[in-house]
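Novice: Using the hints, position chain Y against chain G.
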Amino acid sequence: MISRDDVARVARLARLALTDAELETMREQLNAILVHIDALKTVDTTGIEPTSHAVPQFNVMREDEPRPCFPAEDMLANAPDRKGDFFRVPRIIED
Amino acid sequence: MRTIHELADAYRRGETTPGRTTDEYLARIAKLDDKVGAYITVTADRARAAARASDERYRQGRPLGPLDGAPIALKDVFCTKGVRTTCASRILENFVPPYDATVVERLTAAGAIVLGKSNMDEFAMGSSTEHSALKVTRNPWDLSRVPGGSSGGPAAAVAAGLAAGGLGTDTGGSIRQPAAFCGVVGLKPTYGRVSRYGLVAFASSLDHPGPFGEDVTDAALLLGAIAGHDPMDATSIDAPVPDYTAGLEQGVRGLRLGVPDEYFTAGMDPEIERAVRAAIDVLKGLGATLERVSLPATPHALATYYVIAPAEASSNLARYDGVKYGLRVPGHDLIDMESKTRAAGFGAEVKRRIMLGTYVLSAGYYDAYYGQAQKVRTLVRRDFDAAFGRVDLIVAPTTPNVPFKHGEKTDPVQMYLNDVFTIPADMAGVPAISLPCGFTKSGLPIGLQLIGRTLDEATVLRVAGAYERATDWHTRHPELAA
Chain G
0 MISRDDVARV
10 ARLARLALTD
20 AELETMREQL
30 NAILVHIDAL
40 KTVDTTGIEP
50 TSHAVPQFNV
60 MREDEPRPCF
70 PAEDMLANAP
80 DRKGDFFRVP
90 RIIED
Chain Y
0 MRTIHELADA
10 YRRGETTPGR
20 TTDEYLARIA
30 KLDDKVGAYI
40 TVTADRARAA
50 ARASDERYRQ
60 GRPLGPLDGA
70 PIALKDVFCT
80 KGVRTTCASR
90 ILENFVPPYD
100 ATVVERLTAA
110 GAIVLGKSNM
120 DEFAMGSSTE
130 HSALKVTRNP
140 WDLSRVPGGS
150 SGGPAAAVAA
160 GLAAGGLGTD
170 TGGSIRQPAA
180 FCGVVGLKPT
190 YGRVSRYGLV
200 AFASSLDHPG
210 PFGEDVTDAA
220 LLLGAIAGHD
230 PMDATSIDAP
240 VPDYTAGLEQ
250 GVRGLRLGVP
260 DEYFTAGMDP
270 EIERAVRAAI
280 DVLKGLGATL
290 ERVSLPATPH
300 ALATYYVIAP
310 AEASSNLARY
320 DGVKYGLRVP
330 GHDLIDMESK
340 TRAAGFGAEV
350 KRRIMLGTYV
360 LSAGYYDAYY
370 GQAQKVRTLV
380 RRDFDAAFGR
390 VDLIVAPTTP
400 NVPFKHGEKT
410 DPVQMYLNDV
420 FTIPADMAGV
430 PAISLPCGFT
440 KSGLPIGLQL
450 IGRTLDEATV
460 LRVAGAYERA
470 TDWHTRHPEL
480 AA
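Those sequence lines, one after another, are chains G and Y. Following numbering that gives the first Met the number 0, the numbering of the first sequence begins with 0 at its first residue and continues without gaps. Following numbering that gives the first Met the number 0, the numbering of the second sequence begins with 0 at its first residue and continues without gaps.
Excised from the complex, chain G in its bound form (with noise of 0.2 Å):
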């Protein structure tokens, strides 16, 4: 079982800010969908290669030749706030 603790860690690993109401929420309802996923332990998988991809993936290489690039006024029409060519943050660094 996870405890509220365990939800309030996991929230603010997946940057999550929840409600008090809603992390009680979350605990019952992850609680009880770990319960089914708890049966996979059952599963004897001793010597079981894991499967990543269905299909099997091996490197994919290219030429490693310049190509166009999406403009950069492209990629920042979207941004919610934005100082010239950049996007704009809240402060990381103090002065």
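Careful, some of the hints might be misleading.
Said to hold, decoys possible - Listed below are several chain G residues computed to face chain Y (Cβ distance under 7 Å; list not exhaustive):
no., residue
1, Val-9
2, Leu-12
3, Leu-15
4, Ile-36
5, Gly-46
6, Glu-48
7, Pro-49
8, Pro-55
9, Phe-69
10, Asp-73
11, Pro-79
12, Gly-83
13, Ile-92
To be verified - So the derived label-pair ranges between C-beta atoms look like this:
no., chain 1, residue 1, chain 2, residue 2, range
14, G, Ala-76, Y, Arg-273, 24 to 34 Å
15, Y, Ala-277, G, His-52, 32 to 42 Å
16, G, Val-88, Y, Gly-60, 17 to 27 Å
17, G, Ile-47, Y, Arg-291, 45 to 55 Å
Hints were generated in silico from the structure; no laboratory data involved. For each residue, glycine too, the CB sits at the ideal point set by N, CA and C.
Specialist: Relative to the frame of chain G, chain Y by itself:
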């Protein structure tokens, strides 16, 4: 209602034009979509402009191919240059992509006319389209019921005659389940057969773009246009694309079909079991050989999915940080801004999956959950490999139950159980189709699922085509579409 191939024939014979047809579809959307709620954004002006260009090509006797002038609906998960792409989320409500997804580029290059962007569960997470933050979509067969999900919008649009075809995505069943619920054809291709470039990512190792059609031929035509290698998607398969319509009339004689024990479970709706068993008898009558097969890892596929998909989603959705695009809620520092933005921008189901995914990937739990789930995924794949050593195709129901009412499933786990028969094919990456195989006494559609070998969409479509020709389910339309 005419299929895409019937429309193309009518255009060539000069009976109608793409321009007139597009106007008819736009008029139907204006008249009916208040009831159905299939579209988030209708792109009427763009559609009319594309139709005029298509008209001109037919006038000159040089149409681009069978999709020229085909009016289609795109699930709002595909980026469309200059047209808002929301993923049915508040966090992307005003996002206008600077480029087209590869599948959109290919369909428009083939002459298809995009009528609009259609509704879905937020970020494709759900089985009813009820998790859309933007609107409600109703099942055209019974407006009190859900259209399925997550691609409920395009499925409902095709069923209600608000588009001739559509494009969706399937991560745990999100094309096949709404196709079954809405009584249309929905095809999930092999993983990597269709490019994911420009698709808003949910679970990258499981996301499959694919078509909706009124019949199997339309699904084959649409797949043919979108399939094929794309250098912009490193997981895209570099294999030739066959003519998927070529084998549709070959019949099933000589094919071995597998009926998996694990897909006929105690809890399933008896009307669905009856309809699917009757469909299997039809295929037997057409000359196919039947064999019982076992896919023993099936009972664990759902739990495996609910580790892997949320894990990948928690990572993919980290990009919504209020910086580059989408919603921003002010905060006193960067982390506060991000946390408030994500809390305000994501709906409850998306938050639940981000939390679950973050938890199963977090230190101390990774091996027990994510590592173990990836190993069980191998077992699911091996089941299919073993079965396909003996049979050419697997025949099963698409869903364990018929479309449910809005608000009926409030418990997340109950909602997840809807995908129990569709998730395994996503885990294994093998192609699968859902097509209509009957109706309940109360008139709700039932879906037949056909699952094929990796890259063998042709056999899936061939058997679907044979079944469709032997039955008339696909010719029935909901009353409101009459």
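Novice: Looking at the structure, which of the earlier hints fail to hold?
Specialist: When the structure is compared with the hints, numbers 5, 8, 12, 13, 14, 16 and 17 turn out to be violated.
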